[in-house]
Amino acid sequence: MQTSKTYHRRTKKGSIIKVVRERYLRDDIHCGKESCEICVKVDEKYLPKKCCVYLQDESRVNLSKLCPQSHYVLPDLDVLLYQFDVLEDDAFGNNVIILKTVLNEVRDRNISVYAKLKEIENHRHFYVLVNEFHRDLFFERETDEKPNDYIDRLIRISIEWYRKHFQSPKVVLLTSTEQKKKQAKDAGLLCFTFAEYVESLKSSNAIIDKVAQIENAEINSQEAKFLYDEHLSLNVIQAGIKTGKYYQSKLMMNRFNNFEGYVHLILNNEDVRVLIKGRSNLNRAVHDDIVAVELLPESEWSVESDIIVDEEEVENEEVDEIVQVEKKVDVHAAKDEVSKKPTAKVVAIIKRNWRQYCGVLKLKSDKLMKSMIMTSHLFIPAEKRIPFIKIETRQYDVLKGQRIIVAIDSWPRDSKYPKGHYVRALGEIGDKDTENELLLIENDIPHLKFTTAVLNCLPSNPDTWRIPEEEYSKRLDLRDRCICSVDPPGCTDIDDALHCKEIGNGLFEVGVHIADVSYFVKPNTALDKEAASRGTTVYLVDNRIDMIPTVLSSNLCSLIEKKERLTFSVIWIMDAKTAEIKETKFAKSIIKSRAALTYAEAQLRIDSPNLNDDLTVNLRRLNSIAAKLKQKRLQNGALVLANFGELRFVEVESETHDNVMEIESKKLRDTNSMVEEFMLLANISVAEKIYNHFPEFAVLRRHPKPSASNLDELVKAAKAKGFEVSVSNGKELSESLDKAVDPQNAFYNLMLRMITVRCMRKAEYFCTGTLPKNEESLYHFGLAAPIYTHFTSPIRRYADLLVHRQLSHAIEASTIDPSLLSKDKLKKVCDNINTRHNNAQNANRASVELHTLLYIKKSGKALREDGYILYIFKNGIQIFIPRLAYCANYLFQNIKEWDFDDVNSTLFHSKTNCLLKRFDPVTVSLEIVDKSNEYNRGKEKIEVKIINPCIDFESDEQEIKRIKK
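Per the numbering used here, the sequence shown starts with residue 69, numbered consecutively.
Hint data in this document are derived by calculation from the structure and do not stem from the laboratory. Note that CB positions come from ideal geometry on N, CA and C, so glycine has one too. Take the hints with a grain of salt, since some may be wrong.
Listed next, the in silico DSSO-like pairs over lysine-lysine satisfying Cα-Cα at most 27 angstroms (straight line) [stated by the list, open to error]:
hint	residue 1	residue 2
1	318	1013
2	458	270
3	597	168
4	979	1013
5	784	408
Cβ pair distances, simulated, as ranges [claimed, not checked]:
hint	residue 1	residue 2	range
6	531	906	33 to 39 angstroms
7	880	844	52 to 58 angstroms
8	91	826	53 to 59 angstroms
9	556	884	32 to 38 angstroms
10	844	482	42 to 48 angstroms
The whole structure should be built from the sequences, with the hints applied where relevant.
And the structure:
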């Protein structure tokens, strides 16, 4: 039977075309029941390997008290979208029918849930009924019928068909609301709400907490006490964005104050950071959500918060705490009108970017828990920028000492906090493995083992693998060059190497050779898809999570010394005296590294006057040219941003005691800069090449120029020490930072550069065809580079792999994959790798913080550390501790006793004449304290006490004496 549908649509170019869609309806589609005598099974030899398995005859017997007899369940759309955490749990049971129409809608609305459903459908007997091609089950959508109503109608038709098709097992409809349940009951169908069905399961205690609290649209608006404005509809928002009334952007929350966020908007052709202050103006938006905002009138513009919000203080105020906090923000706020910033409010959520969150339950008194049965609890996320989440759980006694995972389900207008559900426990609070798992999940780091499908893409015998003979004839043979790599100690994923050869006439041949990962990772393979998903290798203090399997990253792709390796080379002919580039060449190549050196080993060779072998001479030449390249970059306005070395936490063996954990700080040498300069040069050269060849599709990296207003905090910080910072352009900013040196404070310039980084937007990957065609769109502000990309680390960055493929085609070394000629596809890939890159950085910082805590804990005593006041707030200070590369917050016990001067960045305690200035040195005590019986984000935390200057009035006098002793 054939049906057809005809309609007209407008193309992107504006023309009208006629579209005819034909549908062939069949009568031989199997119902799914394994022993069905009416339906005919398809011969298994014609089925794909991952074909849906059939439904079992004896299904779910005595599983549910509501339906103890054998039955199948058929969930509606909302159940599939929002209740997957329950559906995937074995305790829920097998034999589930899913309509193809519903599954398609899940795919369109949430690709992540769709992928998870596809993963479990076979081993859990989830049968997909292809109703949309079934003669008895397909019906066209009626005029004015809403999409959800249409899907619900198809579900009811399908269940009625099943009832007539076979008598047993029964087919039970699981729906999300009482209203839909009533509609099904009125139609004579067996139906339960999902929550009541799960409640009836024998093993309900294991999964009832996982039931999502879906926002109820049936709330009586007259009875509800709304706390927030209603979000505008998508149609209104789209029209408003076109007229300039509304703006779309990603919401970023303040790390110090979760009642304040900001968005970046283009105003008057400038990238401006716009404030959003207060719970009502945030209007249920969560960190990372894509929101629509409306600028407030200039009379309602505000200043950035001058306080650190303490969650304990806020939550214990049972009055309207948002009013209390915002009043605190404005206490004594005699600020210049000039310091006020553009301020906006959220009017709609365009896209929720909710994920699963790690954290702990807020503790309640044992007396209270014994006096009544309480199932409603507050979950406190580890990420401070996420609001508390209200969940229902009957496992409080079990979970109160655990790190747990919770998902947000909804945020109704009448609820102070979003509502969510418990997903699973990670482990005991404070356990190292638990905390490591937490930081990986919290930063959305894929860390499962590589699948069999991925590993099947690798050479079958990596230990015996050799470069194929045909590659020698295709590639530039550079095995005779004196090539070496220079990396940190212990590095096994070596993806770059260098050489420098004198060729006469005052010229050098200089080469950067990068591992040719694209030879092993072919487009659209399982290996490629996994690498694209991971986006980057993640480096933690005690672990490395590879983007590609170790057999590639540490063996076949790694440029190991004395091993022949496939590479992609950038070779320049350069003037030996000026480092001017005379010629640039790109080539697929084969190299044989002479040595894999550490930065220290390379530096020792350069500095040793008695060493004059080829390798050492080449290193000296490379170092000399790199110095000239760096000088040119800095003259052009490149910024030297904060870099205080990488910390390594090392366990030192002891004969008399348990192993002692010590901190080593990575020393930066000239050889670090040498390698960096040639990597930067290679990236710029490649960027120019692929942009010329792919002006619409080149994958580049940009760093937007910050607006002057975004750098106000930097200007204020410099002024606190009497320095002027010019922010009109990168060159003047760089020169100003170089001049801002305090002879009395060795770390002042470093801290100023740290603040500079915080004032700027992050660099990002992009496809050239997705942005306006102007120089500003391509510019990398931090490097003062007109154009830039990443080419030099394909082992650990997927962006570099894309660039390798584009460069390979540009030099006619390979054909291009169609996906690299699609702006939409490239934009999606770039968005993902931007997110993964940021997540990896956050995970690294979290790992350092965790090991700092473990280091202090293992010392068994309070650590006395020197630090500097980095930020001053009305109610506290943030202290930078250089030795630990750690920033600690110290909150005052009595804010009313301190006078805050924002203009001069000082705090004054009049009773004792104690004056705290920004960037002043302080001595602090750091100690691990057990907070298990207090309001907190974990069992143990680092407690900060100030020893010098002496502020005994802020601490217990005996405690101060104990610390000093």
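Status of each hint after checking the structure:
no.: 1; hint: 318 to 1013; verdict: violated, 37 angstroms
no.: 2; hint: 458 to 270; verdict: holds, 26 angstroms
no.: 3; hint: 597 to 168; verdict: holds, 25 angstroms
no.: 4; hint: 979 to 1013; verdict: holds, 20 angstroms
no.: 5; hint: 784 to 408; verdict: holds, 14 angstroms
no.: 6; hint: 531 to 906: 33 to 39 angstroms; verdict: holds, 37 angstroms
no.: 7; hint: 880 to 844: 52 to 58 angstroms; verdict: violated, 32 angstroms
no.: 8; hint: 91 to 826: 53 to 59 angstroms; verdict: holds, 56 angstroms
no.: 9; hint: 556 to 884: 32 to 38 angstroms; verdict: holds, 35 angstroms
no.: 10; hint: 844 to 482: 42 to 48 angstroms; verdict: holds, 45 angstroms
The structure fails to meet hints 1 and 7 from the earlier list, while all remaining hints are met.
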